[in-house]
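With chain A's structure known, arrange chain B on it following the hints.
Chains as they are written, first to last, in the working numbering: chain A, 2 to 377; chain B, 38 to 325.
There's no promise every hint is true.
Stated by the list, open to error - Below 27 angstroms or equal to it, Euclidean Cα-Cα: the simulated DSSO-like pairs (lysine-lysine) are:
1. 207(B) with 306(B)
2. 207(B) with 148(A)
3. 255(A) with 90(B)
To be verified - Quick look at which bits of chain B chain A covers, simulated, 3 or more residues with Cβ under 8 angstroms:
4. 55–61
5. 135–145
6. 203–209
7. 217–231
8. 278–288
9. 297–310
By construction, these hints were calculated from the structure, which means they are not laboratory data.
Quick caveat, the model's predicted, so the values are computed rather than measured.
Ideal Cβ placement from N, Cα and C applies to all residues, glycine included.
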Amino acid sequence: MAEIQFSVGSTIALPKIGLEKLHANLLKMGYKVLGPQIQDGAIVYKPLDKIADLPRGYVSEQDAASYRLIYSGHRRYFDVTPGAQSWKQFFFPPFSELASLVREENGCWQAEEIEKDLTPLALFGVFPCDLAAIQVQDRIFLREEWKDPIYWSRRQSAFILAVDCLHPCGTGFCASMGTGPKANPGFDLRLTELEDVFLVEIGSEAGRMGMEGISILPTSAFWLQAAQKGLEDAITKMGRSLPDQQELPDLLLKNLDANQWDDVAQHCMSCSSCTQVCPTCFCWDTRDSAHLNGQTARRERVWDSCFNPDYSYIVGGSSRPNTRSRYRQWLTHKFGAWYAQFGTSGCVGCGRCITWCPAKIDVTAELRAIREEVQS
Amino acid sequence: MIEPSGMPHAVSPAEPMQPYWAKIVEIVREAPSVSTFWLQFVDKNLQDGYHFKAGQFNMLLVPGLGEVAISISSDMEEAGRISHTIRSIGNVTSTINRMNVGDVLGVRGPFGSWWTLEDCVGKDIVIAAGGIGLPPIRPVIYYVMNHRHDFGKVTVLYGARTPNDLQFTKEYQTWQDAGIEIQVTVDRGDETWDGRVGVVPILFYNTRLDPRNTVILTCGPEIMIRFVIFEALARRVPPERILVSLERNMKCGLGSCGHCQVGPYFVCKDGPVFSFDKLQPFVNVEEF
Numbered sequence: 002m003a004e005i006q007f008s009v010g011s012t013i014a015l016p017k018i019g020l021e022k023l024h025a026n027l028l029k030m031g032y033k034v035l036g037p038q039i040q041d042g043a044i045v046y047k048p049l050d051k052i053a054d055l056p057r058g059y060v061s062e063q064d065a066a067s068y069r070l071i072y073s074g075h076r077r078y079f080d081v082t083p084g085a086q087s088w089k090q091f092f093f094p095p096f097s098e099l100a101s102l103v104r105e106e107n108g109c110w111q112a113e114e115i116e117k118d119l120t121p122l123a124l125f126g127v128f129p130c131d132l133a134a135i136q137v138q139d140r141i142f143l144r145e146e147w148k149d150p151i152y153w154s155r156r157q158s159a160f161i162l163a164v165d166c167l168h169p170c171g172t173g174f175c176a177s178m179g180t181g182p183k184a185n186p187g188f189d190l191r192l193t194e195l196e197d198v199f200l201v202e203i204g205s206e207a208g209r210m211g212m213e214g215i216s217i218l219p220t221s222a223f224w225l226q227a228a229q230k231g232l233e234d235a236i237t238k239m240g241r242s243l244p245d246q247q248e249l250p251d252l253l254l255k256n257l258d259a260n261q262w263d264d265v266a267q268h269c270m271s272c273s274s275c276t277q278v279c280p281t282c283f284c285w286d287t288r289d290s291a292h293l294n295g296q297t298a299r300r301e302r303v304w305d306s307c308f309n310p311d312y313s314y315i316v317g318g319s320s321r322p323n324t325r326s327r328y329r330q331w332l333t334h335k336f337g338a339w340y341a342q343f344g345t346s347g348c349v350g351c352g353r354c355i356t357w358c359p360a361k362i363d364v365t366a367e368l369r370a371i372r373e374e375v376q377s
Numbered sequence: 038m039i040e041p042s043g044m045p046h047a048v049s050p051a052e053p054m055q056p057y058w059a060k061i062v063e064i065v066r067e068a069p070s071v072s073t074f075w076l077q078f079v080d081k082n083l084q085d086g087y088h089f090k091a092g093q094f095n096m097l098l099v100p101g102l103g104e105v106a107i108s109i110s111s112d113m114e115e116a117g118r119i120s121h122t123i124r125s126i127g128n129v130t131s132t133i134n135r136m137n138v139g140d141v142l143g144v145r146g147p148f149g150s151w152w153t154l155e156d157c158v159g160k161d162i163v164i165a166a167g168g169i170g171l172p173p174i175r176p177v178i179y180y181v182m183n184h185r186h187d188f189g190k191v192t193v194l195y196g197a198r199t200p201n202d203l204q205f206t207k208e209y210q211t212w213q214d215a216g217i218e219i220q221v222t223v224d225r226g227d228e229t230w231d232g233r234v235g236v237v238p239i240l241f242y243n244t245r246l247d248p249r250n251t252v253i254l255t256c257g258p259e260i261m262i263r264f265v266i267f268e269a270l271a272r273r274v275p276p277e278r279i280l281v282s283l284e285r286n287m288k289c290g291l292g293s294c295g296h297c298q299v300g301p302y303f304v305c306k307d308g309p310v311f312s313f314d315k316l317q318p319f320v321n322v323e324e325f
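Bound-form chain A, shown alone:
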């Protein structure tokens, strides 16, 4: 067979065995490869030593407050949709050091160099919702006027291997949000997993280099058609939907006194699970500590949540003192105010907040209820 030429923008077919070689190539290119793996009955992201560690053959059953990993017995690598974790933790870590300060003789404080591991990361198996979430966080942390140094240092060198979502989860609604089931541009490589091969779209020069020296096949009309059919079917298999989400900013910000806020406050426990699993939630807090000798001090940045009472604390008390006001803040921000702030919805439709809410609160149902209340 003649040699297949490919470049950025090409789509080629990769036999399943070639995934090993792609993994090896990424390691050779100097990436620390991170991938989904099963740990304690859940999917987590951690360094992927070998392709065999991928959760091959697993699917997840997800519904409100329910998540189960099930071994299906088939041989696909990327059938299992993400668990509670998202890739957010690698660019915007739950804990990071802002400053390590040492007091000098003149009373000023000298900032010490903070050790950072800046090995470029390769994210091996990013589902479309999570790729969209990374792009939402890019708008938050990489501004025209300043770039968050912690986020920037990890994000700019990262390699993204995106995977189309052919077996969507029961709580997701990416089709409504325009983020899936096919991965939008912003990847280095995009895989569509068929029975015997992957279709691979080359998204960047780094992606092309990752494919070098691997035995590939030309794409056939049959495979392209199968991929197309798979993506169309995926839309119908999605567990949730959110019609007319563009109308939500107006609906929410003009109905801050809806009765539904009282209703949801009866169920919500203000536990902040939804904000911790949300791949776009970006709020953070600072933590300061000092050594007992008074000569050194540390500043840390930690994830925060609008459900924490301290979050809105000012003199005289919290400005959102109850669950009603905190849930309202979360929902009106995520689906409403986010547009004005960042030009996009804060939701990518991954469904995590539904799956991981211990009280089975379903944002799509809440939004529907508010719409119905207002329209009635």
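This is chain B only, laid out in the frame that chain A set:
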């Protein structure tokens, strides 16, 4: 003027959370648990290049303890030093209030929007402030004194809990001499007090204002702000000419940490000074 895409003077675009060090050069006791701290950046070039607009704030860091957002209370045309008037209320502000001349604070800023004095030229100004809400407006008073002919009638309506809590009392005479009317009220009088007793909004009843040509500037407890707005609107001052400075929890000053949000706004970046038309949908929503 701060370029919208640029960073403040004491904030590095590459390390926006990194503080710059400033020495306390003078402390003025204003009221019980309220003092004005005069700061000078250790780096002289930074001090010389540091400019702010009336109404903006700095993030002040006590290493090991935390950072607080505090408005700048000095004259924006005074070179060489800046002041913050701080009430001792939490861990950080109480620690600052125990500090001495020569002690060092971390400073980032100036952040946020300002009282749009450029739009007040030729107009009457009514300043309505309560308690620790006066320091964020004091730079306006200085500016008016320095450029008195640019403005019409200027009135300060100020209230505090008790006569002892009134701030900047030594300056009132200077303000009046410069042609600024000042009316003061307290929530509770004492045996020496022969002035007015009552909340700040009642001072509007003694004030004649021309709604076609008046700008209202208000800062203080949120409940006071609501009633000031009510009185202003009742006198037909349009919402665009009611300027409000809000207080919210802040950790960054960059519109990043999320804490200070009010609807679509980050108070640290889009505020703290808002014209009321922007806040109208939210100000009277309970607990928003």
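message = When the structure is checked against the list of hints, which entries are broken? Sort them ascending.
response = Numbers 1, 2, 3, 6, 7, in rising order.
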